[in-house]
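Asks: Chain by chain, the residues:
2 protein chains.
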Amino acid sequence: MKAFASFLQQHVRSIPHLKPLTASFTSPKRYSTAKMTFETKATIANFHGKLLKLSHNSTSTGTPMNLNLYLPPQSATQKVPVLFYLSGLTCTAENCSEKGFMQRHASIHGIAIVYPDTSPRGANITGEDDSWDFGTGAGFYIDATKEPWSKNYRMESYITSELPQALWAAFPDKLDSERVSIFGHSMGGHGALTLFLKHPGMYKSVSAFAPISNPINCPWGQKAFSGYLGDDKEQWKKHDATELVKGWKGKGFKTLIDVGTADNFYKQGQLLPENFEKAAKEAGAEVEVRYQPEYDHSYYFISTFGEDHVAYHAKFLCK
Amino acid sequence: MKAFASFLQQHVRSIPHLKPLTASFTSPKRYSTAKMTFETKATIANFHGKLLKLSHNSTSTGTPMNLNLYLPPQSATQKVPVLFYLSGLTCTAENCSEKGFMQRHASIHGIAIVYPDTSPRGANITGEDDSWDFGTGAGFYIDATKEPWSKNYRMESYITSELPQALWAAFPDKLDSERVSIFGHSMGGHGALTLFLKHPGMYKSVSAFAPISNPINCPWGQKAFSGYLGDDKEQWKKHDATELVKGWKGKGFKTLIDVGTADNFYKQGQLLPENFEKAAKEAGAEVEVRYQPEYDHSYYFISTFGEDHVAYHAKFLCK
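Which chain is which? The protein sequence lines are A and B, in order.
Heads up: the first sequence begins at 3 in our numbering, then just goes up one per residue.
Heads up: the second sequence begins at 3 in our numbering, then just goes up one per residue.
What the hints contain is simulated information worked out from the structure, not anything from laboratory work.
It is possible that some hints are incorrect.
No distinction is drawn between identical chains; accordingly, a pair holds when it is met within one copy or between any pair of copies.
In silico SDA-like links for lysine to any residue, alpha-carbon gap of 20 Å or less [claimed, not checked]:
#1 Lys101 / Thr65
#2 Lys248 / Glu290
#3 Lys55 / Asn266
#4 Lys225 / Asp310
#5 Lys148 / Pro221
#6 Lys43 / Glu296
#7 Lys43 / Tyr302
#8 Lys101 / Tyr302
#9 Lys200 / Pro66
#10 Lys253 / Lys321
#11 Lys269 / Thr45
#12 Lys55 / Tyr302
#13 Lys148 / Ala171
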């Protein structure tokens, strides 16, 4: 009931004044700058902003990569901060834009959201489509070092460097490259936490839904890290949120994490948020892990608490 | 921008006080009454209420029928009003519960939402799966009178009689059978408008997203009505919202309708909301048809304006 009371309280908060839309916002040609590297496959009106279905050729992965970019109405007349959402195993760039309900909240706060894909697709590596938790749809937001994955499975470089640079170049008057945050779900929660911790200063804030919090100690993580990184477990630790938070060198680390207690993957020990929480608190971090009674691992869970997460990031991005 | 300003204003409205949840709400056994006719396939936490994935054997259709029922948190301790959502062509009971984001708003107002399926499935009628706009997934919320459809394709009886009776019997302490409204999308918008008009007093209010508003004059409606009802066009008129509103005998007819101007089906003349609006206004009705610039026919459109529609129904259901 506390969560529901909090949910209701959000509806009486005040809303900042927003500038009106201009006609230029609605023209796809607006995005066709000289540095444009994206193909716009669709422009869809949603929550008074625009959802762009984009594709580009990635040098990081050596494949075409799809993404969704939500531009809130405020971006018609000013630069807006940017929130990267990293999806979980098996997801594409589409799922959360359809089922996560983030766009509503992004419009209220005036934040753009980037929904990247979860791996290269069509890299033509033997075995890449054999498992739902390794290879296609399961890039784990790391740069693989082991053959044959190391050529294409370079999602850390893609998410932290190539994709944002391409976005800043293509949308210079809409996206504010100085105000960027990151969140994600499950494998994407692992991605958000680890990329934040590995790249101090890159992101203003981080949050996660049901993150894989200690991958070196769970089956999903062990399978992915042995496949992408090889057998040296010291290398694995460089991509494990629980290990990374122990050595965090930035200012006070903060995060918001939601985990459903009816989440089967949580119950199976794939997520291990307690390990992260313990390590983070020992490191002096302000970590709020909210165990949400009865919630599962689905978008029904994500969409329920998305409003809180976007509001959390707005505190860092919109001040 | 007017729509966005209105959207923002909603977030500063006051929220009614709500009673706390009780433990009984969370137990599936709670629903196992003597009159229980539903199998509960899943109970999913969502927006502080419960989404139930239900199935039952329908005598109207002679087939099993799936539905989704969203019970808001308020239903733990009191009867809540009920809003039926009728989906469009090709949809199942699932789509809008995943992509419509009605549950959030239902929790704020304390309204249950019923998401029925759009047709019988597995009736084993030759040709029922040949088209996406006729047969399976395209029941059109009418009782077919023409063989071989007349045995199973009886969605009007199902939606207006069998299903609500079964729900009132199964959830006697949660659902208030005296406060019921209806809305829907496309074919389901046709269903909502026509069932409201054909059954005066059954529903407190009606609204629609991109409804098929004058089916006797559009290809979808003509195909469905000739298939289900035969060639007598006088019979067709009994199931056409534009024809029905001309003869509305109840008190002042009111409705809220949203249509996206970039909706390809609108542009192709499948929806014809202008015909309905003209007929309704000539009949003295208060009809608000909002033409939403740039919006399409998708759940991105529905989810954007769902908040307005649930709030519209709350004015009738929660006073």
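Asks: Which of the numbered hints above does this structure break?
Replies: 1, 4, 9 and 13
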